[in-house]
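A.B. asks: Below, each chain spelled out in residue letters.
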Amino acid sequence: MIAPSSLPRLIHQTTRRPLTLVEHEQAFSSSGEVVDALKELEASGLMGRGGAGFPTHRKVELLRSQRSRTKYVVVNAMEGEPASHKDRSLIAANPHLVLDGAEALAAMIGAKHIAVCVAREFSTTINHMERAIHERQRRSQRGPLIELHTPPGRYVAGEESALVHWLDDNQCLPQYRPNRPNVLRIGQGVVLLDNAETCANVGLIARYGAEWFRSLGTSLHPGSLLVSVTGAVSHPTVMEVAAGTPIRQILEAAQADRDPQALLLGGYSGEWISGRNIDLSFDNAALKTVNASVGAGIIFVLPKSGCGIGEIYNIVRWMANESARQCGPCAFGLPSMADDLGLLLAGSKEAGAALRRLNEQASQIDGRGACHHPDGVVRFVRSSLRVFEDDIRAHASGRPCAGARGPRFATVPRLERGDELVWE
Amino acid sequence: MGVKRRPSTFVLKVNPILCDGFGHCAELAPELVNVDEWGYPIIRQEPTKINNAGAYESAKYAVRGCPRQALQIEKITDAQP
Chain F
0 MIAPSSLPRL IHQTTRRPLT LVEHEQAFSS SGEVVDALKE LEASGLMGRG
50 GAGFPTHRKV ELLRSQRSRT KYVVVNAMEG EPASHKDRSL IAANPHLVLD
100 GAEALAAMIG AKHIAVCVAR EFSTTINHME RAIHERQRRS QRGPLIELHT
150 PPGRYVAGEE SALVHWLDDN QCLPQYRPNR PNVLRIGQGV VLLDNAETCA
200 NVGLIARYGA EWFRSLGTSL HPGSLLVSVT GAVSHPTVME VAAGTPIRQI
250 LEAAQADRDP QALLLGGYSG EWISGRNIDL SFDNAALKTV NASVGAGIIF
300 VLPKSGCGIG EIYNIVRWMA NESARQCGPC AFGLPSMADD LGLLLAGSKE
350 AGAALRRLNE QASQIDGRGA CHHPDGVVRF VRSSLRVFED DIRAHASGRP
400 CAGARGPRFA TVPRLERGDE LVWE
Chain B
0 MGVKRRPSTF VLKVNPILCD GFGHCAELAP ELVNVDEWGY PIIRQEPTKI
50 NNAGAYESAK YAVRGCPRQA LQIEKITDAQ P
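Taken in order, these protein sequences are the chains called F and B. For the first sequence, numbering that gives the first Met the number 0 gives the first residue as 0, with consecutive numbering after it. For the second sequence, numbering that gives the first Met the number 0 gives the first residue as 0, with consecutive numbering after it.
None of these hints come from the bench; they were simulated from the model.
Below 20 Å or equal to it, Euclidean Cα-Cα: the simulated SDA-like pairs (lysine to any residue) are: (1) B:Lys12 - B:Gln68; (2) B:Lys12 - F:Asp365; (3) F:Lys58 - F:Gln187; (4) B:Lys12 - F:Ser362; (5) B:Lys74 - F:Arg176; (6) B:Lys12 - F:Tyr175; (7) B:Lys12 - F:Asp374; (8) F:Lys111 - F:Leu147; (9) F:Lys38 - F:Ala106; (10) B:Lys12 - F:Asn178; (11) B:Lys74 - F:Pro177; (12) B:Lys3 - B:Lys74; (13) B:Lys12 - F:Arg179; (14) B:Lys12 - F:Pro180; (15) B:Lys12 - F:His371; (16) F:Lys287 - F:Phe53; (17) B:Lys74 - F:Pro180; (18) B:Lys12 - F:Pro177; (19) B:Lys74 - F:Asn181; (20) F:Lys287 - F:Gly52.
Away from chain B, derived, C-beta distances all over 12 Å, residues of chain F: (21) Val34; (22) Leu61; (23) Glu129; (24) Arg141; (25) Pro143; (26) Leu147; (27) Gly188; (28) Arg213; (29) Ala231; (30) Arg404; (31) Pro406; (32) Arg407; (33) Ala409; (34) Thr410.
Quick reminder that beta carbons are idealized off the backbone N, C-alpha and C, glycines included.
Whole structure, please, built from the sequences with the hints as guidance.
C.D. replies: Structure follows, in structure tokens:
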């Protein structure tokens, strides 16, 4: 058993390969105290780790109340966010913990099927998962049926309705859902979809209970978080920290730049915060004061030498390309915003007009897609305009900063065939 | 108890996946729909009174006139006072 307030919890690894089922059961031996896992889940206050931070027990309650005969648990390990590496690290350390959680969730709602989704580009992760599933099914044929699915790894393919659409109909396109929260369906069956890290936490709560879980983190944001730190770091790392750890401490542990220009939190649809706010603690309640959130647990570090506008342009260009091109405001609006950012970056004559248009379009596009992809980009651009206000004014008046021609720090996957979309 | 309340307001909703920006809705219900620079509808978000007969009629025209059948009227019943 793992001591209550010790770290790491999830990535609890002694070898360089994933834990086998036997090793896993030794490391995470049950305390035998938990009677009602659902009650413990509610008391734990676990919030989804996929980015939105929705309370997990409310999702479970919604699915429990469904009368449908067929129920599915879907584990989302798609990780389409280029700055995130946590789900892959988690599965590389201990796939059985994720499967434990999925089985606990299946028992809570009465599901007989579990679908684990890993993007087909991540072949190592697929191997680890396949092996873990095989180990379980070899030991026992009882319990829910676990299947591995490998959808194509586009950014929006990990959006929950797109993922369910893939499982239902082999199309990873988001669906129109006017009345949220609604229940997603595969055929006639209803679906409970959770992020891989959320599942791993459920696995721990079902073993050790809520009190154990809450011994780390803050009262409003309990538990531990997997944080991917990228950008100006010596090595991009995934770390497990208690929620509420000061950002400065995380950066020190990751050997990152401790005097950054700005930090991007939550991923490429997240929010920038200024480097001055480095002493804030990393949990949703504290970050709300600067209009940011933990999101999927991502910290991207932009050093003083970097050019914010250049990073923003790269990211928005890539996000525009990742649009599924289903809804007009997203398909036309995002490339147009990327073009305007390009004009700003170059500090051309039209830069002032581009800045005005950017503000206009941000409010025009907001909330008009079927999924939240355009909203994420709008949120990202708005926070950029706030945090890099001075830089943007300099760029708009035709005086690009020194870093504008320098290297870029945010990695975006190369766009296939130049700028053109390749969608399967 | 057992009193059925009538919906008092409505909003026009578009399914953005179906919508291809024909722009018929903006012609048929100009008081509710504007178009953006690419021709896609920007619909009034605030609920409109159903007894505003002109607006309600034109919303119904817009729903019927949409070539992609992407529009629908959502009626809202006020919560019990």
